[in-house]
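Novice: Here the protein sequences line up with chains A, B and C, keeping their order. Here the numbering used here is used: position 10 in the first sequence is 10, and no number is missing along the way. Here the numbering used here is used: position 78 in the second sequence is 78, and no number is missing along the way. Here the numbering used here is used: position 58 in the third sequence is 58, and no number is missing along the way.
Warning: the hint list may mix true and false statements.
[Stated by the list, open to error] A few chain B residues that face chain C, going by a derived Cβ cut-off under 10 Å, partial list only:
#	residue
1	Y71
2	G106
3	H176
4	M190
5	I200
Quick caveat, the hints were computed from the structure, so don't treat them as lab data. Note that the structure is a prediction, hence the values are computed from the model and not measured. Note that beta-carbon positions come from the ideal geometry of N, C-alpha and C, so glycine has one too.
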Amino acid sequence: MSAFANYWRRFPVKAKAGAIILGLFVLAAIIGPLVTPYDPSFQNPSPGLSMAAPSAAHLLGTTQSGQDVLSQLLVGIRLTLELAVIVGVVATAASVVVGVTAAFLGGFWDDFLSLVSNVFLVIPQLPFLILLLGYLPQKGQTPTIIVLSVLGWPWGARVIRAQTLTIRGRDFVAASRETGESSWRIIASEIIPNQISLIAANFVNTVLYAIGTSVALAFIGLADLNSWSLGTMLYWAQSQQALQLGAWWWFLPPGLAVAFIGTALVLLNTGIDELGNPRLRDARNATRVAGYRVWPTDPTPVLEGVAAGGGRVGAFLHSFSRSSLLDETASGGDTR
Amino acid sequence: MSTASPEPVVGISEAGPAPAGPILAIDNLSVVYRTPSGDVRAVERVNLTLNPGEVVGLAGESGSGKSTLAYGACRLLRPPALITSGSVRYAGRRTGAPVEILQLRGNELHKLRWREIAIVFQSAMNALNPVLRVRDQLLDAIQTHMRLPREQAAEKAATLLELVGIPRIRLRSYPHELSGGMRQRVMIAMALAADPEVVIMDEPTTALDVVVQRDILAQIVELKQTLGFAVLFITHDLSLLLELADRIAVMYAGQLLELGTADEIKSEAAHPYTKGLLNSFPSLHGPRRDLAGIPGAPPDLRDPPPGCPFLPRCGYGTDACTSVDMSLAQVPGSADPWHVSACPFVGPEGALA
Amino acid sequence: MPFILRRLAFYVVAAWVALTANFFIPRAMPGSAVQDIMSKFPNLQPSAYKAIEAMLGVGHPGSLLDQYGSYLVDVVHLNFGTDVSAYPASVASVLGQAIPWTLVLVGTATVIAFFVGTGLGIIAGWRHGGWADRLLPGLMFLQAIPYFFFALLLLELFALKLHVFPIAQGYNGQVVVPGWDWAFISNAIQHSLLPAITIVLTSMAGWMLQMRNVMITTIGEDYVIAAQAKGLSSRRVVFTYAARNALLPQLQGFGLALGFVVSGALVMEIVFSYPGVGLLLLNAVTSNDYPLMQAIFLVITFAVLVANLIVDLVIVLFDPRVRAKEVTAR
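Model the full structure from these sequences, guided by the hints.
Specialist: Pasting the structure below:
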């Protein structure tokens with residue numbers, strides 16, 4: 001526990017904010033659906049409640065068919081986060097496996113796995129996903145999770161492979177090999193622990209990608225339109241012209257929810273990045289020294305009053321002279 | 001050496017007379033790294049002078065502050081480094097009156113750098129810009145300080161390379177196309193590009209194999225004799241300095257422990273640490289002896305204990321060592337008044353009475 | 001040169017994978033895709049039925065290999081089949097009309113976002129803690145917002161409420177007619193400003209953050225300190241020594257991220273009813289227009305691959321080590 005507290009203290013402010021915001025949303029995801037005021041699918045036919053503005057009864061207003069937006073939002077947060085986290089776990093695990101294997105085995109397997117990763121990376125994601133999902137009769141959570149995981153691992157695999165290669169080349173791994181430790185033990189005890197922050201950052205990125213992509217897919221209709229994820233909420237809002245009709249309470253909350261979750265994840269990642277790359281942290285700490293703001297290209301600052309003595313000893317202003325000791329030498333001049 | 005004069009002296013004459021006193025005078029310099037968890041005292045009140053044409057060796061283990069001293073004197077240290085005391089005076093032939101480096105402003109510092117004080121870095125592979133040709137990097141150094149017409153500058157660049165024994169065709173090469181030894185020579189050529197009066201060499205041969213090392217060192221000596229610059233040679237290898245340097249300074253935990261001529265250090269080293277260092281490498285001549293080394297590790301510079309930092313590892317240490325003020329005093333029994341040591345209890349023969 | 005050839009070979013492999021995936025996916029999917037299509041378009045001719053069957057590989061004579069062969073031939077001839085929703089127009093012609101719009105909009109906006117983001121990243125890395133750094137959280141928030149959502153907001157604010165920009169479409173059909181005259185072009189530009197601004201604002205943060213981090217790492221390198229020791233001006237140190245080296249990983253990242261940027265831009269086009277590929281994609285999905293969906297996938301993939309190749313060429317231009325690396329034995 002104290003190790004965690006240690007990390008928390010070293011976390012930059014930005015990242016802490018991100019972690020807290022994310023925590024709030026996770027909380028909402030866990031207890032949200034249990035406290036919804038209404039059933040999100042319940043359509044209230046009474047005319048006054050169609051696209052009604054926020055009121056005491058409906059804190060976030062209603063949709064075209066009288067459904068409570070707040071309830072949908074609470075359910076939506078869970079659905080979206082659920083999907084994203086599962087994709088994150090699966091894809092990150094896959095990328096660790098592929099990355100470490102490729103780096104460890106080297107040779108043909110390395111080339112092959114790298115080729116596969118790169119091909120998946122370079123092919124644009126959304127059109128590919130549309131192709132895959134488009135042909136499925138049912139476009140629910142599970143197919144989406146599968147499809148996103150299939151396309152989500154290559155990025156992490158590349159990064160982890162590169163890092164594994166670096167670590168593998170290090171002396172302590174060679175030493176382990178010499179003493180006959182099995183490859184598995186080396187992987188478990190040397191390689192993976194050294195990459196924790198990298199894997200964590202990778203996980204966060206994958207979750208981010210999963211959220212963004214699933215919401216985009218839902219927006220164009222490639223999701224289970226009867227479920228209430230943040231993306232499908234946006235789809236229905238758009239198809240019912242919520243924006244044009246001024247029903248901001250319908251499309252703003254889900255969009256903002258996605259935005260805030262996303263921002264929280266990015267902020268969290270800056271903290272993880274710093275933990276992994278000390279130079280970033282040093283740079284952050286180093287902008288103010290003894291009250292001076294110092295850029296890296298500035299000369300080392302001198303404490304106030306040091307060498308002030310009797311004023312500057314001599315100003316120093318020589319113009320661009322052309323002379324050269326080499327010239328002097330060549331002409332046999334004075335060489336001291 | 002002339003002292004403070006309030007009027008600025010518009011410095012000039014290139015071929016002025018050589019200054020009477022030291023060319024670089026580091027006086028009571030302290031450098032700290034100001035981290036959130038406290039100040040790391042990397043250099044603690046060090047005095048060191050460099051005379052024209054002289055080679056001063058700066059010896060010490062990693063973390064002793066020798067590089068920090070040199071870079072700090074040039075104000076090249078990155079944040080969170082801070083200079084907390086002292087003065088660094090430079091008096092070259094071109095400057096007229098001495099210049100206080102710690103008081104210079106940005107653009108003045110730029111003019112001083114390289115033209116007066118140049119640096120040869122430890123690892124040439126890391127210190128050369130990977131995407132620029134050798135020619136461009138040399139020209140950078142030349143043209144920033146001497147705006148020569150294009151052809152003259154190009155010719156000068158070629159001459160510089162030939163000076164260090166590299167064919168001028170290599171001007172077109174990129175750093176990764178050169179061997180390690182060649183890269184280091186390029187670094188030296190680059191350092192000499194603006195005709196500096198002082199060249200700081202930071203472990204210039206540590207990353208090279210022994211054979212190349214010897215060549216480079218021979219080259220440095222030759223160039224120094226021809227061109228007449230002064231050298232501050234930083235290394236952890238004391239044996240190198242015994243052959244190369246005129247005077248040697250020994251640093252430990254940010255403090256200067258001993259200073260003297262190479263001969264004196266070799267035969268009459270006074271400080272226990274210096275003696276330990278000398279015992280750490282074998283000599284080619286003379287009888288075989290046991291290598292003692294120095295057990296233990298350097299102290300944490302964040303919170304240094306009072307008195308002598310070497311106490312935990314010192315064979316002669318006593319309680320009195322915790323109240324030593326670390327100032328340098330003449331070594332008793334030494335003919336040279338400039339052979340000084342920070343240890344008042346131990347001399348060249350052993351513990352003093 | 002060998003480096004470029006290796007990259008070219010890679011792109012050919014990637015293109016082949018895309019083509020093959022495109023071929024097999026319809027044949028591998030469960031359910032009766034044909035029935036789905038037919039049920040959406042009850043008034044299709046029997047010949048259309050045949051065409052769709054052919055495309056989906058249902059009940060088609062000849063082995064799989066034969067079909068694959070003729071498929072590849074078709075693709076090379078840009079024959080993507082007959083469009084289902086805009087029947088009897090060919091897919092190629094429908095696509096051909098939409099592509100220029102997307103190319104100009106997305107291409108220009110992405111390049112602008114890259115340059116602005118990278119430039120700001122250089123400043124943020126150099127003057128750490130300065131004004132550029134303070135922009136970051138705001139820009140990161142912008143990037144976390146789904147493209148299309150942000151587009152909706154901008155649309156609402158600037159087009160509907162403030163009437164600064166036109167509301168939708170690529171050009172105002174009532175006022176101008178497509179053609180190479182200034183009236184049309186200026187009108188088109190006007191209509192593309194809001195979508196372009198959306199793309200730039202939302203994607204900029206990514207480039208900026210990445211460049212900033214790379215710059216901070218690069219500025220810590222020995223050769224930058226050496227450059228300072230040489231007395232070079234700060235500008236030269238930061239740009240010729242630091243930024244020039246930091247650009248390399250940044251460019252590599254650009255090539256890889258291109259796919260994401262394009263994807264996001266497509267969805268965003270939908271919001272603006274911009275007559276590009278995005279809108280076409282939406283229609284294809286909602287109407288199960290499989291031939292069109294497949295063709296869009298292929299075209300976008302090829303465009304991204306070509307763009308990646310161009311980026312690789314630029315990298316070769318900038319990094320002498322890359323030119324050399326492939327020459328020496330591996």
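Novice: Run through the hints listed earlier and report the numbers of any the structure violates, in increasing order.
Specialist: Every hint satisfied by this model.
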